[in-house]
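**Student:** What follows is the residue order along each chain.
There are 2 protein chains.
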Amino acid sequence: MPKDQSRHIVQRLPKRADYERTTINTIIDEALICHVGFCDAGQPVVIPTIHARIGNQILLHGLKGGRLLKHVNAGHDVCITVTLLDGLVLARSAFHHSMNYRSAVIFGKGREVVDATDKMAAMQRFVEHLTPGRWEHVRQPNAKEFKVTSVVAIDMEDASAKVRTGPVSDEDEDYALPIWAGVVPLELMASPPVADAKLDPDTRTPEHVTGYQPATRKK
Amino acid sequence: MPKDQSRHIVQRLPKRADYERTTINTIIDEALICHVGFCDAGQPVVIPTIHARIGNQILLHGLKGGRLLKHVNAGHDVCITVTLLDGLVLARSAFHHSMNYRSAVIFGKGREVVDATDKMAAMQRFVEHLTPGRWEHVRQPNAKEFKVTSVVAIDMEDASAKVRTGPVSDEDEDYALPIWAGVVPLELMASPPVADAKLDPDTRTPEHVTGYQPATRKK
Numbered sequence: 004m005p006k007d008q009s010r011h012i013v014q015r016l017p018k019r020a021d022y023e024r025t026t027i028n029t030i031i032d033e034a035l036i037c038h039v040g041f042c043d044a045g046q047p048v049v050i051p052t053i054h055a056r057i058g059n060q061i062l063l064h065g066l067k068g069g070r071l072l073k074h075v076n077a078g079h080d081v082c083i084t085v086t087l088l089d090g091l092v093l094a095r096s097a098f099h100h101s102m103n104y105r106s107a108v109i110f111g112k113g114r115e116v117v118d119a120t121d122k123m124a125a126m127q128r129f130v131e132h133l134t135p136g137r138w139e140h141v142r143q144p145n146a147k148e149f150k151v152t153s154v155v156a157i158d159m160e161d162a163s164a165k166v167r168t169g170p171v172s173d174e175d176e177d178y179a180l181p182i183w184a185g186v187v188p189l190e191l192m193a194s195p196p197v198a199d200a201k202l203d204p205d206t207r208t209p210e211h212v213t214g215y216q217p218a219t220r221k222k
Numbered sequence: 004m005p006k007d008q009s010r011h012i013v014q015r016l017p018k019r020a021d022y023e024r025t026t027i028n029t030i031i032d033e034a035l036i037c038h039v040g041f042c043d044a045g046q047p048v049v050i051p052t053i054h055a056r057i058g059n060q061i062l063l064h065g066l067k068g069g070r071l072l073k074h075v076n077a078g079h080d081v082c083i084t085v086t087l088l089d090g091l092v093l094a095r096s097a098f099h100h101s102m103n104y105r106s107a108v109i110f111g112k113g114r115e116v117v118d119a120t121d122k123m124a125a126m127q128r129f130v131e132h133l134t135p136g137r138w139e140h141v142r143q144p145n146a147k148e149f150k151v152t153s154v155v156a157i158d159m160e161d162a163s164a165k166v167r168t169g170p171v172s173d174e175d176e177d178y179a180l181p182i183w184a185g186v187v188p189l190e191l192m193a194s195p196p197v198a199d200a201k202l203d204p205d206t207r208t209p210e211h212v213t214g215y216q217p218a219t220r221k222k
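If you read the protein sequences in the order shown, they are chains A and B.
In terms of my numbering, the first sequence is numbered consecutively and its last residue is 222.
In terms of my numbering, the second sequence is numbered consecutively and its last residue is 222.
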């Protein structure tokens, strides 16, 4: 059978690949940001930005007129990649050093979200994606803010996840070497929140902020 | 004066831009991974991978024959982006929600590193980039491992950093609202190392592993 060269089929270490949408969505939802790639007259450009997901769509936003959003609105292909780092894999051999990670690569085309209800729903999702439960506490977008914000939705046409977990994998003959090997777990962690200096000191810290952690923030 | 449209000139929020190589290099060196973007017959592709830096060059590596490395070796343009997340910025208004971050976007072309001395020096840099001090402890690449690994070097032709730090910035009239606002600091943190199950329990945990933290790992 010929090797599948479709854009989302993982070529290197295919045993780490996963095409299940549940796996892919979980990675997208845990990641606070994504990296968006596009080709601008043949020049690759990769921009980090906040994202959100509704169903099979990735949402991006920014001020109107930005290069990324203009490019997406023009209907060009984009590639959106999210990556979560879970650990350093320190092998006995230099060659088998690796990382534990979960990543998702999504291909699709975008379009501007113009319907006012959909656009406001998207704005809510950006806030809720980062800090679930916060939207109802904040001052919501006014007409001017709504107007200067551009929201784009990208249908996830093709997507794949790639995951490495577990311990070191060394060559058989290297296990006897007196070299420390193991995994250093990594996680994006939040420290206690720092209240704004201009905040009325009587303002209660809401539950969605107290004890916030990126990896466990999903309700 | 006409707006500079060069590929590395930051168009959105230019007050956050920095073109100093010292700033850019510090961000590259702290990041454990980068996201590499390339255009494959007009299709943007963004791949997360481990990197290292020597002087004005970004080094990437992988098994020979991978799509990314083949593309770089062919002399095409790539865009390498690294991003460090430093905090959630929780404003009183939905509109002014943001992140504190440091990112660098690098444009350049690559070439394969074929000189054996340079290639071994690059392999050392990948290990030392992740865990300074580890190279001298590990079993170094043998002839077979050396042969199946491909290393590419990308000259940093154009680069820019973008940084947001500091507190919330709200609209003047919103400061009086009884809404909690502030910053939740974020950092990629390591937990204590987990020794490999097959490790001789008498093996001492070396200093480069004990107390390892990504943000402070540089010597």
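Because the hints were derived from the structure by calculation, they are not lab data.
One thing to keep in mind: the hints can contain errors.
Identical copies go unnamed one by one, so any copy, or any two together, can satisfy a pair.
[Stated by the list, open to error] Only pairs whose alpha carbons sit at most 20 angstroms apart, straight line, appear in this in silico SDA-like list of lysine to any residue:
#1 Lys112 x Ala44
#2 Lys147 x His79
#3 Lys112 x Gly45
#4 Lys73 x Gln14
#5 Lys112 x Gln46
#6 Lys73 x Gln46
#7 Lys122 x Ala77
Small disclaimer: the values here were computed from a predicted structure and weren't measured.
**Student:** Could you tell me which of the numbered hints above are not met by this structure, giving the numbers in increasing order?
**Tutor:** Result: hint 2 breaks, nothing else.
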